[in-house]
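Guided by the hints, dock chain B onto chain A, whose structure is given.
Quick mapping for you: the protein sequence lines, in order, are chains A and B.
When we follow numbering that gives the first Met the number 0, the leftmost residue of the first sequence carries the number 0, and every step to the right adds one.
When we follow numbering that gives the first Met the number 0, the leftmost residue of the second sequence carries the number 0, and every step to the right adds one.
Keep in mind that a hint or two might mislead.
Here are the simulated lysine-lysine pairs, DSSO-like style, with alpha carbons at most 27 Å apart [claimed, not checked]:
#	chain 1	residue 1	chain 2	residue 2
1	B	K137	A	K115
2	A	K115	A	K33
3	A	K33	B	K47
4	B	K47	B	K16
5	B	K172	B	K16
6	B	K172	B	K137
Hint data in this document are derived by calculation from the structure and do not stem from the laboratory.
Given the structure is predicted, the values throughout are model-derived calculations rather than measurements.
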Amino acid sequence: MVARYEQYQTMAIEAVDAVMSEDIRHLPLIDGVKDTSRPQLVFSAVARIGAAESRNMQGGHSDEWSARVSASGGELHVAHWRAGQGADELWVPALDRGDNGDVTVSEPDTELFIRKGDKVRLIDRPAQPFFEVLSITRRRYGRAILHLGDA
Amino acid sequence: MSLARWALRTAAVEALKGQTLVGANVLDSEFTALSIHPDGSIITDQKKPFIMVYTDDGKAGDRENKPRDIWQNGVIDVVLEFGIATPMMEVNEETGESFITGIELPVTDAAMELTLDLIDRQITAALTGTSAWADIWKDVSDHVVEIERRRVARAENGVRIAGRQTRIAVMAKPDPVPGTAGAGSTWHRFRDAIDANLPALSAIATQFIDDPTADLSVDQIIASRGMTTAAAEHLGMLPYHSTEPDSVISDPQTEQDMTVVGQNGSE
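Same shape as in the complex, but just chain A:
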């Protein structure tokens, strides 16, 4: 990714995300308990859920640990975002779907940030699975990435 192609990249991201993105509900938590200082919001992002992979509890395949856990995790690729104050904070525009199908996207509100430890729920998917935000990468070009763990 180089700046030379920035406008095309931006166009590509817009086009891809318009097709691939889905609605995500953000559930702010602080130390595992509902954070009442931040409202829940719905935002739009491309969710990439990994294939479930079997590893032992150390995260590897050694024989020292026998119990194996199969987990998928995933990533959320957020095209519209701004950096929050902390390294693990991400401001995203809130999405509101009206009853008549209209979609209103509001500019990032300083209160509406996503932080490591929050949960997200993929509300467009069957069974609406929950994930936990394990970390946030903001240094990629174009999209920010929320690294998700199964929850």
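Relative to the frame of chain A, chain B by itself:
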């Protein structure tokens, strides 16, 4: 040998069931993965913290005076792995909060560690307790040689997980030679407990632990020491010329009149 390994595993699993925070989710040697990925449709026992019990490597040393006694178990590692991962808890659909069942704390790294500390303590209490299974577990070994505890915690590879491994090296009793496990022995109490609680395993239990013979036979003694036939013969445990017909003394007589003859022929 193998019977002690089976007894150690099964007795531990049964002694732990229902006695710890994981409830009945005590697994025996499960080497397929615990599936906890959130596809939403599968909600099984694996959605709870778990304990897995298995027997690992064993080694019998000090063989000098027991040249071919391979019934010995020596030291066997009994391994208990237990863990907790974020998907193992039910999520409050409104708030997104998850609570660890049993201790009612929100899921933080510290709470996960504390949960494992509690399970560790509950395991020790259950295995040293007075239940019939715990008693069998204790009786299969003569003493504990070494205890090793390991820990993992990570939040990569798609899941936040914390786990412990307790490795208890026990000096296990030797497996019994077929037909020698007496009615009140550890092994027979194990078979009785299988018959009473795990009837599906009764058939195989009788193959491991057969009924004791009325008398201890020479063959059992030979088997217990792993002697060759020659060694047994030399020790007088087997007839020396086994292919010859037995000598039978049918009419023993005691000589009544004895004549002592002197060296020079005088009476």
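Handout entry: Numbers of the earlier hints that this structure fails to satisfy, in rising order
Key = 1
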